[in-house]
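Asks: As you go down the protein sequences, you meet chains X and D in turn.
So the first sequence is residues 760 to 988, counted in our numbering.
So the second sequence is residues 760 to 988, counted in our numbering.
I should point out that these hints are in silico values taken from the structure, not numbers from a laboratory.
Beta carbons: idealized from backbone N, C-alpha and C, even for Gly.
Check each hint, because a few of them may be wrong.
[What the hints assert, rightly or not] Every beta carbon over 12 angstroms from chain D, so not counted as near; a handful from chain X, in silico:
#1 Leu762
#2 Pro763
#3 Ala808
#4 Glu906
#5 Ala909
#6 Pro927
#7 Leu929
#8 Cys963
#9 Arg964
#10 Val970
#11 Leu971
#12 Arg977
#13 Glu978
[As the list claims (entries may be wrong)] One side only, chain X facing chain D, incomplete, derived with CB under 10 angstroms:
#14 Arg862
#15 Leu869
#16 Asp896
#17 Leu911
#18 Trp931
#19 Gly944
Protein chains: 2
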Amino acid sequence: MTLPRAVVLLSGGLDSATTLALALEQGHDAFALTVRYGQRHAIEVERAAILARSLGAREHRVVSVDLAGIGRSALTDVSLAVPRAGDPAQIGAAIPPTYVPARNTVLLALALAWAETLGASALFLGANVVDYSGYPDCRPAFLEAFERLAELGTRHGATGGRFRVHAPLLAWTKAEIVREATRLGVDLAATISCYDPGADGRPCRACDACVLRRKGFREAGLVDPALGD
Amino acid sequence: MTLPRAVVLLSGGLDSATTLALALEQGHDAFALTVRYGQRHAIEVERAAILARSLGAREHRVVSVDLAGIGRSALTDVSLAVPRAGDPAQIGAAIPPTYVPARNTVLLALALAWAETLGASALFLGANVVDYSGYPDCRPAFLEAFERLAELGTRHGATGGRFRVHAPLLAWTKAEIVREATRLGVDLAATISCYDPGADGRPCRACDACVLRRKGFREAGLVDPALGD
Numbered sequence: 760m761t762l763p764r765a766v767v768l769l770s771g772g773l774d775s776a777t778t779l780a781l782a783l784e785q786g787h788d789a790f791a792l793t794v795r796y797g798q799r800h801a802i803e804v805e806r807a808a809i810l811a812r813s814l815g816a817r818e819h820r821v822v823s824v825d826l827a828g829i830g831r832s833a834l835t836d837v838s839l840a841v842p843r844a845g846d847p848a849q850i851g852a853a854i855p856p857t858y859v860p861a862r863n864t865v866l867l868a869l870a871l872a873w874a875e876t877l878g879a880s881a882l883f884l885g886a887n888v889v890d891y892s893g894y895p896d897c898r899p900a901f902l903e904a905f906e907r908l909a910e911l912g913t914r915h916g917a918t919g920g921r922f923r924v925h926a927p928l929l930a931w932t933k934a935e936i937v938r939e940a941t942r943l944g945v946d947l948a949a950t951i952s953c954y955d956p957g958a959d960g961r962p963c964r965a966c967d968a969c970v971l972r973r974k975g976f977r978e979a980g981l982v983d984p985a986l987g988d
Numbered sequence: 760m761t762l763p764r765a766v767v768l769l770s771g772g773l774d775s776a777t778t779l780a781l782a783l784e785q786g787h788d789a790f791a792l793t794v795r796y797g798q799r800h801a802i803e804v805e806r807a808a809i810l811a812r813s814l815g816a817r818e819h820r821v822v823s824v825d826l827a828g829i830g831r832s833a834l835t836d837v838s839l840a841v842p843r844a845g846d847p848a849q850i851g852a853a854i855p856p857t858y859v860p861a862r863n864t865v866l867l868a869l870a871l872a873w874a875e876t877l878g879a880s881a882l883f884l885g886a887n888v889v890d891y892s893g894y895p896d897c898r899p900a901f902l903e904a905f906e907r908l909a910e911l912g913t914r915h916g917a918t919g920g921r922f923r924v925h926a927p928l929l930a931w932t933k934a935e936i937v938r939e940a941t942r943l944g945v946d947l948a949a950t951i952s953c954y955d956p957g958a959d960g961r962p963c964r965a966c967d968a969c970v971l972r973r974k975g976f977r978e979a980g981l982v983d984p985a986l987g988d
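Chain X extracted, bound-state conformation (with noise of 0.2 angstroms):
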């Protein structure tokens, strides 16, 4: 029998290596995509063919983009600081700053131009709008005109293919995402979740995506092994 493809985008953190670790256990045949777009952390790409190769994916392909070019933003720019937890206007603000212009619009292109050259009909992506409700392209009525586009812009949606954007952590909670993650045997110790993270990849415990991911742990009674402590 012959898997149906997915092109999974792992970031290298928690969210994505669930993701990845959901596509093959739903019988998946999983490609996982590693987008390089100038992001400091380069260290995620890094734990990314880690995690890729340890959960079982069949290809693990990095493409760059420098999205610094013609971004701004926190995570892309060194110009600008990360926000730490307690600055104000931070997690539940309209849209934080460490938003990339455009990111999953980038992110699902280039997984649908592998998609394509593959035959594989099903993208996966680790967004989640719990934590995260001030991104604009985490919302699912933007995955949805995400499928209607790929489907229009493709040869295979031209001969009356479908695609689907696959975000099974969407709705969950960060202890949710834990707890699943741990059923799944994914490597939490190599997943990287920090924004600012050492040239080790130790986690700065500061930044929000750290404190999120802490305050996730403990709601799920787990310890987190990236903690190194």
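Knowing the structure of chain X, use the given hints to seat chain D on it.
Replies: Below, chain D alone, put in the same frame as chain X:
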């Protein structure tokens, strides 16, 4: 008065240069974006810079994305020959082999990222369906689907803003494009349409793009200065 900002995708070819000239004539403050997607004819990027300057774009940026790593097309894969006009199943065939997977989705996604940074709500693309009817991502329905996606996936859209994707050449013949380019003062000698040019930018005269361009100039009753003879 502040002119509305537009991001114009500029490949260095005749169509995109004409599109940039139209965007400027229509009163836009135009930001030209060239995407290097691993295509073999890097000479296009040099020509794009010349054209952006001569036409009066406010800025020109080049973004590189290594689509060659995930795509398969005669334009990015050196192991595939560029088809010649005499080959069977070329112009008018279902989908030509020079089709780059999800290319316009990727190009527009990058244009959108810059547009969001700039506060531009217009994207210009030199897509054309007359000569290249086999490319699914040149269809009006595709472009409209991208507008919808852009509105759902950006801050600008999330706060009620609109995006427009302009493809003014969409239904024009090559002869009409040549005439309009001439009227607008586009430096035709600088434009490069060839799929397989020499290192000095000289067109091969045999690929589909060369044949269509020559036909366009002939029908327009004009001489193509890029042929250099």
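Asks: With reference to the structure, classify each hint as holding or not holding.
Replies: Now for the hints, and whether the structure bears them out:
Against chain D, the non-interface label of Leu762 of chain X holds: every CB pair exceeds 12 angstroms, the least being about 20 angstroms. Its beta-carbon lying about 18 angstroms from the closest one in chain D, Pro763 of chain X satisfies the requirement of being farther than 12 angstroms from that chain. The beta carbon of Ala808 of chain X sits about 14 angstroms from the closest Cβ of chain D, which is more than 12 angstroms, so the claim that it is off the interface holds. A cut-off of 12 angstroms between C-beta atoms contradicts the statement that Glu906 of chain X is not in contact with chain D; the least separation is 10 angstroms.
Not every CB of chain D is more than 12 angstroms from the CB of Ala909 of chain X (nearest about 7 angstroms), against its label as outside the interface. Once the 12 angstroms rule is applied to beta carbons, Pro927 of chain X is consistent with being away from chain D; the minimum gap is 19 angstroms. Against the 12 angstroms criterion, Leu929 of chain X stays outside the reach of chain D, whose nearest CB is about 14 angstroms from its own CB. Chain D leaves Cys963 of chain X outside its interface by the beta-carbon criterion, the shortest separation being 26 angstroms against a cut-off of 12 angstroms.
Listed as a non-interface residue, Arg964 of chain X keeps its Cβ farther than 12 angstroms from every Cβ of chain D; the least gap is roughly 29 angstroms. The Cβ of Val970 of chain X lies farther than 12 angstroms from every Cβ of chain D, with a closest approach of about 23 angstroms, so its non-interface assignment holds. In this structure Leu971 of chain X is separated from chain D by more than 12 angstroms, as the shortest Cβ-Cβ distance comes to about 21 angstroms. With a closest Cβ-Cβ approach of about 31 angstroms to chain D, Arg977 of chain X is found to remain outside the 12 angstroms limit, as its non-interface label requires.
Its beta-carbon lying about 29 angstroms from the closest one in chain D, Glu978 of chain X satisfies the requirement of being farther than 12 angstroms from that chain. With 10 angstroms as the threshold, the beta carbon of Arg862 of chain X comes within range of chain D, its nearest partner Cβ sitting at about 8 angstroms, so the hint holds. A hinted interface residue such as Leu869 of chain X counts as satisfied when its beta carbon comes closer than 10 angstroms to some beta carbon of chain D; here the least separation is about 6 angstroms, so the hint holds. With a cut of 10 angstroms, the hint placing Asp896 of chain X at the interface with chain D holds, because the nearest CB-to-CB distance is about 4 angstroms.
For Leu911 of chain X, the interface hint holds, the least distance from its beta-carbon to any beta-carbon of chain D being 4 angstroms, beneath 10 angstroms. Hint on Trp931 of chain X is violated. Least Cβ distance to chain D is approximately 21 angstroms, over the 10 angstroms limit. Using the Cβ-Cβ criterion of 10 angstroms, the hint placing Gly944 of chain X at the interface with chain D is not satisfied: the shortest such distance is roughly 28 angstroms.
Against the hints set out earlier in the document, violations occur for numbers 4, 5, 18 and 19.
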